[in-house]
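With the hints as extra help, turn the sequences into a complete structure.
For the protein sequence lines, the chains are A and B, in the order given. With my numbering applied, the first sequence covers 1 to 394. With my numbering applied, the second sequence covers 1 to 394.
Hints may contain errors.
[Claimed, not checked] Subject to a maximum C-alpha distance of 27 Å in a straight line, what follows is the list of computed DSSO-like cross-link-like pairs (lysine-lysine): (1) K268(A) x K144(B); (2) K5(A) x K350(B); (3) K387(B) x K28(B); (4) K89(A) x K201(A); (5) K192(B) x K169(B); (6) K5(B) x K144(A); (7) K5(A) x K169(B); (8) K262(A) x K169(A); (9) K201(B) x K268(B); (10) K5(A) x K201(B); (11) K5(A) x K144(B); (12) K377(A) x K35(A); (13) K262(A) x K5(B); (14) K169(A) x K5(B); (15) K89(B) x K262(B); (16) K82(B) x K28(A); (17) K5(B) x K201(A); (18) K144(B) x K144(A); (19) K5(B) x K268(A); (20) K35(A) x K394(A); (21) K82(B) x K268(B); (22) K5(A) x K5(B); (23) K58(A) x K58(B); (24) K144(A) x K268(B); (25) K28(B) x K82(A); (26) K5(A) x K268(B).
Worth flagging that the hints you see were computed from the coordinates, not collected in a lab. Small disclaimer: the values here were computed from a predicted structure and weren't measured.
There are 2 protein chains.
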Amino acid sequence: MELNKQMQAWGESRSVIRDLFEYGLQRKAEIGADKVFDFSLGNPSVPAPPIVAETIAKLQEGDPVALHGYTSAAGDMQVRHKIAYYLNKNYGLTVGAQHLYMTCGAAASLTISLKALCLPGDEVVVCAPFFPEYRVFVEAAGAKLVQVQPDAATLYPDAEAFAAAITAKTKAVIINSPNNPSGVVYPEWVIKGIAGVLTEKQAEYGHDIVLISDEPYRELVYGNVEVPYILNYYDNSIVCYSFSKSLSLPGERIGFILVGDKMSEGAKVYAAICGAARALGYVCAPSLFQRVVAEALGQTADVSIYRYNRDLLLDALTEYGFSCVQPDGAFYLFMRTPEPDAAAFCERAKKHELLLVPCDGFGTPGFVRISYCVSTKQIENSLPAFKALAAEYK
Amino acid sequence: MELNKQMQAWGESRSVIRDLFEYGLQRKAEIGADKVFDFSLGNPSVPAPPIVAETIAKLQEGDPVALHGYTSAAGDMQVRHKIAYYLNKNYGLTVGAQHLYMTCGAAASLTISLKALCLPGDEVVVCAPFFPEYRVFVEAAGAKLVQVQPDAATLYPDAEAFAAAITAKTKAVIINSPNNPSGVVYPEWVIKGIAGVLTEKQAEYGHDIVLISDEPYRELVYGNVEVPYILNYYDNSIVCYSFSKSLSLPGERIGFILVGDKMSEGAKVYAAICGAARALGYVCAPSLFQRVVAEALGQTADVSIYRYNRDLLLDALTEYGFSCVQPDGAFYLFMRTPEPDAAAFCERAKKHELLLVPCDGFGTPGFVRISYCVSTKQIENSLPAFKALAAEYK
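As structure tokens, this is what we get:
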């Protein structure tokens with residue numbers, strides 16, 4: 001059978017994260033679930049807020065034909081109006097339902113947007129550390145992924161490296177703040193800097209460059225941290241949003257694409273997004289959960305639990321001598337490995353039943369990602385293992 | 001903005017069906033909903049069976065983190081086991097969970113399968129009348145759509161034309177029985193004939209040809225009509241299934257791909273499907289509805305209502321002098337237009353407030369599709385309009 005070899009390769013090369021997770025399941029079966037400390041997956045551990053179950057129950061009282069029927073391909077009009085209203089009110093935007101396209105989550109938002117925008121030969125710039133699936137999404141759209149290394153101290157994109165990465169071939173830039181895997185949130189001055197460089201480069205090359213903000217972690221921030229809304233800083237902006245993490249609904253696949261209302265030839269971009277969604281087989285976003293998220297706007301799962309987990313883990317690991325980035329958002333701790341080879345460090349961690357993700361695939365060798373979207377008990381129980389691991393490097 | 005022009009074109013060229021539907025909404029606002037007879041959409045009009053709401057309510061009692069969390073990309077293992085068990089029991093198959101890939105409905109099943117299989121230059125054969133989106137799906141996968149005309153009397157693929165359409169470039173054949181738009185169900189001898197031709201052609205050209213069965217209407221058959229299961233007739237088979245129509249859940253986007261267990265290099269094909277799903281942005285099928293359909297296997301919405309509608313409409317239209325194909329399945333009546341130009345006929349029908357779909361885009365000029373997944377009352381009320389329309393051609 002002569003198949004599409006690229007698809008076969010992507011199907012056979014399972015992600016490091018998934019592999020670790022599967023190893024964890026097996027190991028738990030061998031020695032007991034409470035003896036294995038799995039920090040691999042970014043699967044929310046806090047239940048969805050009560051509004052989710054309440055809305056599902058309430059919707060069941062209505063007409064099932066309307067509830068479970070097709071919505072318009074772009075999403076139910078009332079749902080899109082509600083989201084636009086919410087965004088305008090909270091972020092000072094001026095968008096309407098016609099700028100929103102409901103999707104099956106952030107991955108779909110990204111694949112659809114990239115397919116709409118990219119032509120063969122185009123380049124898409126991503127800022128390390130970055131979610132490894134970006135590579136698959138960018139290459140599936142026929143474009144080339146170009147990565148920018150971060151400033152070592154802040155983990156924001158290095159300003160000089162960022163400017164140098166934008167070439168005449170750059171079609172789009174993807175940013176992800178709060179960031180997976182580092183938990184870093186880009187402050188306003190960083191967003192302004194990115195917008196400034198892109199505005200200059202657009203003028204220099206005489207064509208548009210789209211800024212795509214992948215933001216499933218927007219609401220997962222701790223303390224008084226602001227997540228700037230990119231439409232307020234740059235006109236050619238697309239936001240790829242997901243309710244997966246904020247509402248703890250990752251399996252339900254619900255999110256949206258927002259095409260900036262001041263986007264150059266925005267109606268054409270929106271049309272291309274409609275066409276790309278059609279070509280990729282997305283008929284509409286799941287109809288029940290379109291209605292659920294419209295009722296839950298502004299609400300989140302209990303994020304204070306993640307904050308507690310973060311503080312517990314960060315304080316302990318720092319005390320043991322590990323060097324971590326202070327995460328302001330998301331639910332990942334990004335830790336420098338005490339030996340240069342992160343994979344070797346993770347193998348050593350495994351001997352202590354600690355499952356950590358080496359970050360070479362995120363574009364940042366020498367780091368691991370520790371997902372703290374787990375039970376607080378797991379973190380408490382794992383601390384002696386982390387301490388013993390640290391001792392090996394003393 | 002230099003976009004992907006093909007995506008823009010697919011986004012801007014709305015389907016004839018959607019256009020009619022939008023016209024209907026507008027017209028209803030003008031003259032009253034009960035005065036417009038919209039037969040355009042294939043949106044189930046019968047509520048989901050009670051098991052759907054019951055299962056949703058029951059699942060709400062369990063752990064929301066598990067319920068709404070990510071499943072494995074291929075789908076929850078227990079769900080896949082249940083579906084495999086059901087298929088084996090009902091159709092005498094020997095498949096397992098490892099042959100099933102849960103998807104966001106039939107459109108996703110098709111785009112994923114085609115992306116996994118196709119290389120540039122490949123041809124995909126479809127049998128007219130066919131669902132117009134096949135063209136988008138096939139071309140999006142980089143292949144060329146080749147259409148086979150039906151036998152005029154039966155609407156089964158014409159045997160000679162079918163054999164002639166299979167060339168050295170043929171990667172796959174898509175069949176759709178019960179058929180949209182004709183309601184025709186291919187009997188066993190037709191499936192055997194297709195399998196026979198493909199087996200011969202595989203030998204002749206020395207490469208595999210995949211038979212893809214798109215079957216969202218499998219359970220919507222009237223009387224003692226059997227829908228043969230293609231895995232029992234041809235090894236290189238893929239089934240693209242959806243629960244949209246059988247359970248009246250079209251908006252929820254839930255279905256599966258079944259890769260034949262005797263498929264040549266089946267593990268590679270399955271891997272390519274996993275890779276294609278990843279590349280298209282499908283993380284997993286909606287998790288709540290994976291569990292719902294697993295509990296509802298073998299159940300359907302009340303199909304007897306569609307049968308009643310069919311008989312009512314078929315008898316009346318025949319009496320008025322129209323020539324219809326007797327539909328054994330699905331919820332469409334396929335009617336020959338009394339003038340050769342189906343679009344002109346549909347414009348004339350509009351004057352009687354009848355919204356019918358011209359079938360040129362389905363590869364069959366001179367026919368219209370009449371969706372009878374509407375209220376029985378709408379059909380009853382529409383009959384004088386059909387009668388008046390018929391009178392114009394006498």
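Hint check:
Under the criterion of a C-alpha separation no larger than 27 Å, the hint pairing K268(A) with K144(B) is consistent with the structure, at around 26 Å. Taking the CA atoms of K5(A) and K350(B), the gap is near 49 Å; set against the 27 Å cutoff, the hint is violated. Annotation: proposed proximity of K387(B) to K28(B) holds, straight-line Cα distance about 21 Å (limit 27 Å). A hinted pair counts as satisfied when its Cα atoms are at most 27 Å apart, and K89(A) with K201(A) does not qualify at roughly 31 Å.
For the hint pairing K192(B) with K169(B), the CA-to-CA distance comes to about 22 Å; that is within 27 Å, so the pair holds. Between K5(B) and K144(A) the CA atoms are separated by roughly 19 Å; this keeps the pair inside 27 Å, and the hint holds. In summary, the hint linking K5(A) to K169(B) is supported, as the alpha carbons are separated by about 17 Å, within the 27 Å threshold. For a cut-off of 27 Å, the pair hint linking K262(A) to K169(A) stands: about 23 Å separates their Cα positions.
Between K201(B) and K268(B) the CA atoms are separated by roughly 22 Å; this keeps the pair inside 27 Å, and the hint holds. Restraint check for K5(A) and K201(B): satisfied, since their Cα atoms lie roughly 23 Å apart, inside the 27 Å limit. Proposed proximity of K5(A) and K144(B) is supported: the alpha carbons are some 19 Å apart, at most 27 Å. With a CA separation close to 12 Å, the supplied pair K377(A) and K35(A) stays within the 27 Å bound.
Between the alpha carbons of K262(A) and K5(B) the distance comes to roughly 21 Å, so the proposed pair stays at or under 27 Å and holds. Note on K169(A) and K5(B): the hinted pairing holds, with a Cα-Cα distance of about 17 Å set against a maximum of 27 Å. For the proposed pair K89(B) and K262(B), the alpha carbon gap of about 18 Å is at most 27 Å, so the pair holds. A threshold of 27 Å between alpha carbons decides the hint, and for K82(B) with K28(A) the separation of about 25 Å falls inside it, so the pair holds.
For the given pair, K5(B) sits about 23 Å from K201(A) by alpha-carbon distance, which is consistent with the 27 Å threshold. Between K144(B) and K144(A), the direct Cα distance comes to roughly 26 Å. Compliance with the 27 Å bound is thereby established for this hinted pair. For the given pair, K5(B) sits about 9 Å from K268(A) by alpha-carbon distance, which is consistent with the 27 Å threshold. The straight-line distance between the Cα atoms of K35(A) and K394(A) is roughly 25 Å, inside the 27 Å bound, and the hint therefore holds.
For a cut-off of 27 Å, the pair hint linking K82(B) to K268(B) stands: about 24 Å separates their Cα positions. Between K5(A) and K5(B) the CA atoms are separated by roughly 26 Å; this keeps the pair inside 27 Å, and the hint holds. Of the pairs offered as hints, the one joining K58(A) and K58(B) holds, with about 15 Å between alpha carbons and a cut-off of 27 Å not exceeded. A hinted pair counts as satisfied when its Cα atoms are at most 27 Å apart, and K144(A) with K268(B) qualifies at roughly 26 Å.
A threshold of 27 Å between alpha carbons decides the hint, and for K28(B) with K82(A) the separation of about 25 Å falls inside it, so the pair holds. For the hint linking K5(A) to K268(B), the alpha-carbon distance of about 9 Å falls within 27 Å, and the restraint holds.
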